[in-house]
Amino acid sequence: MATIYIGGVGKSDLKRLLEQRHDPNLKFVVSNDLEAGPILKRTTDTYYIGTCHTGAGGSLGAMLAFMGRQRTHTFGRQSRTTPEDVRKLLASNVRVFGLSVDQINAIVPVLVDAILAHQP
Amino acid sequence: MTLHLSPLVIIFTILCTAYAAFLSHSALAVFNDGVRPFLLDFHRGELSRSQMTAIAFGLSAGFIFGLGVPIALSSGVLNPWILFLPSDILGILAPKKWLAPILGAAWGAVLVFGLNAATTAVNGLPVNFLTAMQQMSTPILYLFAFFPVVAIAMQFSRLRAVIAFLVTLLVMLIDMKWLPAVTPSALALAAGMIMLVIFAVIEEIKNRSTAHTDDSEPVSEEELAAKKETDSIFAANAARLRKNIPWFMGMGLLLGVLINTHMLGGGEATSYILAKGQFANAAQVDFYRALGFIPLIVTTAVASGAYQIVGATLIYPIAYLLPNPILAAIVGALLFGAEVLVLSYVAKGLGALRSIRDASDNIRNAINVTLEVAILFGSLAAGNAMGAGVGIAIVGGIYALNEVLGRPVVRMASGPVGVIIAGILLNILAYAHLFTPIAIK
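Protein sequences appear in the order of chains A and B.
Heads up: the first sequence runs through residues 5 to 124, numbered per this note's numbering.
Heads up: the second sequence runs through residues -6 to 434, numbered per this note's numbering.
Hint data in this document are derived by calculation from the structure and do not stem from the laboratory.
Because the structure is a prediction, the values reported are computed rather than measured.
Positions of the beta carbon are idealized from the N, C-alpha and C atoms, including for glycine.
Accuracy of the hints is not assured; some may be wrong.
Restricting the straight-line Cα-Cα distance to at most 30 Å, the calculated cross-link-like pairs of lysine-lysine (DSSO-like) are [as the list claims (entries may be wrong)]:
hint, chain 1, residue 1, chain 2, residue 2
1, B, Lys221, B, Lys341
2, B, Lys220, A, Lys31
3, B, Lys220, A, Lys19
4, A, Lys19, B, Lys199
5, A, Lys31, B, Lys199
6, B, Lys199, B, Lys221
7, A, Lys92, A, Lys31
8, B, Lys221, A, Lys31
A few chain B residues facing chain A, derived, Cβ under 10 Å [claimed, not checked]:
hint, residue
9, Asp26
10, Asp34
11, His36
12, Glu39
13, Gly51
14, Met147
15, Arg151
16, Val155
17, Gly285
18, Leu289
19, Arg350
20, Asp354
21, Val403
Starting from the given sequences, assemble the full structure and let the hints guide the process.
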């Protein structure tokens, strides 16, 4: 079962949003880039969602050093994404996602649905 | 309101953008904290200059036009978004080393002469939105005092947040009644920060005593190897930064002088406070703001091997308060040198102290939440000063539209964008004799 680690400036908002799903299949851990980085590196069915004002600084932080650029993606301040776009990212083995804190409600539901549906 | 850019401001703005473009060209520093993590692959040669330019442009463009430009036009004071986001892009874009500072200098020149021309033009209009924008500093100063309360609410219990709210309010009232010499928000803000620090320390001690069982968990070979690998990346990055200390000290020197002129405001709100001449207040606001940014800047710096153009942002409060530009230049250079020297130690400390990093994230978030309210209120007040009900309607209407249109403008800047648009509309209406300008206090 997929585990989603969440971090960055908007982690309390993100936590509330995920809790509201009341989904028994959704396992998430409030963390940060320095703690989740090593865990993601040695596991496979794990994901990280980071938030900040740019969608890449506090969001990704040290993740690029841990995981490499190919495993990370930033939505930036983008206000919409499609399940198809996220599926493509997951298929190319991207597991770290950064987004702007003011776009959490627009991006995260699509992102989390796709992660839960994704079978690695 | 009149704006006079002295030759010192003009020269040092141009020098700062030129030098910053040189630093970003060499992947030594960028202002955009979101661009910095990518510089690791850039200076290792895994990302080409054109790919890196696309990343920097994508992450920065929205903040130049959605944050930097409206704040500069509505306050008449320069800000780092408008200076250094473009210099990041121009420096990375420049194919040759010598071209980077030339492009940076050209941008600096466009800025100082453009801002000068824009403010002169506004001062000649029947409806002067720059004067109206002076409404901004009161809501910012008073509301900012409550940001520690918001941070406490984010990190700790509801009960502690309510206690902190009441204590902050009480301190503000005591200050107003018995200490007329001190800005009422200054002591309240300090009280809130002290409570935040105390709660964070208590939390850290509590975590220590319960987390001991986790620490004894057996560590696998793999885990150790992974840790070693990233540790060596971090160590190499810190060494790269230390090797380039003289370059960073140059940036500190230039910034020290420019910030000392009080024509460059560090935070989102500081420009409006500086425009009112309240330098000590601006220093306090930017000092607390630095606490929200230092862990982010330190982490991204050791993870990427590139530094922040404005350093740990501590240069703002220090240079606002220093008595003259020469001293500011010396202190700026020494400060940047010292910051880079202690970088790897601070990074190690942050890795161990999770609640400090959490507190810093919450400070950054809480400052945003309170400033969004303060700047919206200030913008509506400015709308009111310019055109009474009609002004409020235009500013508020634009804010609401931005909210539902996917926020093309950062929320914090959508009020000021509204004020600028309202100013332009009301002036056109005034020329068409459809609106009678009212006296702006």
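Verification of the supplied hints:
1. Lys221/B x Lys341/B: Holds, at about 14 Å.
2. Lys220/B x Lys31/A: holds, 25 Å
3. Lys220/B x Lys19/A: holds, 27 Å
4. Lys19/A x Lys199/B: Between Lys19/A and Lys199/B the Cα gap is close to 22 Å, so the pair holds against 30 Å.
5. Lys31/A x Lys199/B: holds, 25 Å
6. Lys199/B x Lys221/B: holds, 29 Å
7. Lys92/A x Lys31/A: holds, 22 Å
8. Lys221/B x Lys31/A: holds, 28 Å
9. Asp26: OK, holds: Asp26/B within 10 Å of chain A, min 3 Å.
10. Asp34: Constraint on Asp34/B satisfied, holds at 5 Å.
11. His36: violated, 12 Å
12. Glu39: For Glu39/B, the interface hint holds, since the closest Cβ of chain A sits about 7 Å away, which is under 10 Å.
13. Gly51: Cβ of Gly51/B sits 6 Å from chain A, so the hint holds.
14. Met147: Hint on Met147/B: holds, closest Cβ of chain A at ~5 Å, below 10 Å.
15. Arg151: For Arg151/B, the interface hint is violated, since the closest Cβ of chain A sits about 13 Å away, which is over 10 Å.
16. Val155: It is violated, given that the least Cβ distance between Val155/B and chain A is near 17 Å, above 10 Å.
17. Gly285: Where the cut-off is 10 Å and the nearest Cβ of chain A is about 9 Å from Gly285/B, the hint holds.
18. Leu289: Holds, about 5 Å.
19. Arg350: With Cβ-Cβ at 6 Å, under 10 Å, it holds.
20. Asp354: Status holds, d = 5 Å.
21. Val403: Result: holds, 7 Å to nearest chain A Cβ.
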